[in-house]
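Please construct the entire structure, taking both the sequences and the accompanying hints into account.
Keeping their order, the protein sequence lines are chains A and B.
Read in our numbering, the first sequence has 269 at position 269, and its numbers run on one by one without any break.
Read in our numbering, the second sequence has 1162 at position 162, and its numbers run on one by one without any break.
Fair warning: there could be bad hints in the mix.
[Said to hold, decoys possible] Here are some, though not all, of the chain B residues that point toward chain A, as calculated from beta-carbon distances under 10 Å:
#1 His1225
#2 Pro1226
#3 Leu1236
For the record, the hints were derived by calculation from the structure and aren't laboratory data.
Backbone N, C-alpha and C define an ideal beta-carbon position, used for all residues, glycine too.
2 protein chains.
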Amino acid sequence: MQIERPYLLFLGDVPDALAAKTAAGIVDWRRDWCVGQMRLPGCNADTGLPDMTVAEAVAAGARTFVVGAVNAGGILPRHWVASIVAAIEAGMDVASGLHMRLGDDPDIRAAAEAHGRRLFDVRHSGERFATGKGVKRPGRRILTVGTDCSVGKKYTALALEAEMRARGLDADFRATGQTGVFISGRGVAIDAVVADFIAGAAEWLTPAADPAHWDVVEGQGSLFHPSFAGVTLGLLHGAQPDAFVVCHEPTRRTMRGVAHPLPTIAEVIDLTVACGRLTNPAIRCVGIAVNTAALAEADARAALDALAAEYALPAVDPVRFGVGPIVERLVAEFPS
Amino acid sequence: MQIERPYLLFLGDVPDALAAKTAAGIVDWRRDWCVGQMRLPGCNADTGLPDMTVAEAVAAGARTFVVGAVNAGGILPRHWVASIVAAIEAGMDVASGLHMRLGDDPDIRAAAEAHGRRLFDVRHSGERFATGKGVKRPGRRILTVGTDCSVGKKYTALALEAEMRARGLDADFRATGQTGVFISGRGVAIDAVVADFIAGAAEWLTPAADPAHWDVVEGQGSLFHPSFAGVTLGLLHGAQPDAFVVCHEPTRRTMRGVAHPLPTIAEVIDLTVACGRLTNPAIRCVGIAVNTAALAEADARAALDALAAEYALPAVDPVRFGVGPIVERLVAEFPS
Chain A
1 MQIERPYLLF
11 LGDVPDALAA
21 KTAAGIVDWR
31 RDWCVGQMRL
41 PGCNADTGLP
51 DMTVAEAVAA
61 GARTFVVGAV
71 NAGGILPRHW
81 VASIVAAIEA
91 GMDVASGLHM
101 RLGDDPDIRA
111 AAEAHGRRLF
121 DVRHSGERFA
131 TGKGVKRPGR
141 RILTVGTDCS
151 VGKKYTALAL
161 EAEMRARGLD
171 ADFRATGQTG
181 VFISGRGVAI
191 DAVVADFIAG
201 AAEWLTPAAD
211 PAHWDVVEGQ
221 GSLFHPSFAG
231 VTLGLLHGAQ
241 PDAFVVCHEP
251 TRRTMRGVAH
261 PLPTIAEVID
271 LTVACGRLTN
281 PAIRCVGIAV
291 NTAALAEADA
301 RAALDALAAE
311 YALPAVDPVR
321 FGVGPIVERL
331 VAEFPS
Chain B
1001 MQIERPYLLF
1011 LGDVPDALAA
1021 KTAAGIVDWR
1031 RDWCVGQMRL
1041 PGCNADTGLP
1051 DMTVAEAVAA
1061 GARTFVVGAV
1071 NAGGILPRHW
1081 VASIVAAIEA
1091 GMDVASGLHM
1101 RLGDDPDIRA
1111 AAEAHGRRLF
1121 DVRHSGERFA
1131 TGKGVKRPGR
1141 RILTVGTDCS
1151 VGKKYTALAL
1161 EAEMRARGLD
1171 ADFRATGQTG
1181 VFISGRGVAI
1191 DAVVADFIAG
1201 AAEWLTPAAD
1211 PAHWDVVEGQ
1221 GSLFHPSFAG
1231 VTLGLLHGAQ
1241 PDAFVVCHEP
1251 TRRTMRGVAH
1261 PLPTIAEVID
1271 LTVACGRLTN
1281 PAIRCVGIAV
1291 NTAALAEADA
1301 RAALDALAAE
1311 YALPAVDPVR
1321 FGVGPIVERL
1331 VAEFPS
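Given below as structure tokens:
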């Protein structure tokens, strides 16, 4: 899979910024791969890229129209099809992270065939996975987990990779979602794998490696989310992490898409250890990553200090202050 | 999906009886739907049905050739294809519980097209599921869980349905695996659902019902199995059971297909409650179902009595002594 760059990011008419998190993630980490964004009337998300029509994007060099929005169920709304067909007719390939395959829409399929353009469904791996084996593999692994979906697990993992590399560690980000695949150019959208193979796909993604090598594995969902916890558990077992970081968004009142309250960070640590020790008895928490955007800087630092004291763990805001203290803890706990 | 009866059960050349558990389950519960079994050289399983060739089975009235064997990964072995093609040429439909679709084999597909026969892949639901919502639904639900895979969860659920109906309760078995679908004529093979939709599929399978109605939900895998625990957790959250029964096979030394030891019954109860209360805070264990086949009858009764005393729960062998005490506990704890 080689998706041509640069991208035009299509946001559709999503109701909020979180629904455009695929596009936002690409912009956060690969802004130079994007010429602009395209939005439909009613769209409540904004990546900060210039708004463009299909024609303007093609004139600016765009090669791929990226459907950078998600929705519950992964369905492609009918009223997005015309924009996708227009992009194909203007000469762009199309890449999507939705569950529904682009080619399952007859108009999109016909346009792609007529114009010789390629359709990429990054959620659908062509790989045939085995079932998980649970055998300990050499190499080290760190996983981000969350009190909820959409609390910064991907961002934290990418920030950890960058910081670990900056300090000379041998570290590779392992994408488990469509945005991560767009950003890193590889990985597997683990929520789209057949249920029997979740752990097996995670084992494939984080294979045996040099003993000093770190896989930095992007987490998915939450063990406490009633829609997606099965994915989270299979990923935890397959990734067999030595270490994990809990990601948290303190302003969230209910879990994403459902009416359930969020668990505490302590509950997440305890259940992650209780379940994770099945495939790695030495699993431990090495840090807490909190989105403090709602707080003034002094208040944010005070809140992180309080968490660090309560849990005896480094507590950071990866966006605001970086993940340095977590990497320091990792180096101390896992000497070369 | 209406699979024509009677069946010829094909066992291939599976290495042990467990690998033919689909066929064995059909024979246990629907022997009168089967004319015979067909085995290849080297087969180490036996359902007790008469061995037949394809021609003999057709002469005996067989309408569907059922691939009643499973293997890790769900792949269709190449050397089984000739038997399947022969069955099609002799006039039978074919039904399979493997992950791999029958029609993905070009010889099978060509034969089915040439002879106008139907191919049923019971692991692949045509249903489009939503993601789980975790909202409490009216009606009551009981789920079988296990210390391992293949420890009697389906058998126990079917026995519970039969015993509950015999006592006048309104109860329906809900199949979550291919054998259960063959036996009950409906359900969903939940291990074949896309990972994001495990809980949603379980919600679809056990919809809102009359407050006195019981869904008796077939469990899958084990929260302690490193290959399949994600399926188990998604099913637990989606089924939101009021009650559960722990199934156990005491002679098992390692978990099925892997090198991990089995958890204790207490560990299974504790983790099932810890995770299950997310979607049903009142979840409780109402019994233990043990396969005592390795013990003499007096020893079996003594072992069950000891378990019952240790856990303060009814402990039964569903095959040998029935599930009466568990249904009595259920009636006492959930009065109409």
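Next item on the list: If any of the earlier hints don't hold here, list their numbers in rising order.
Entry: none
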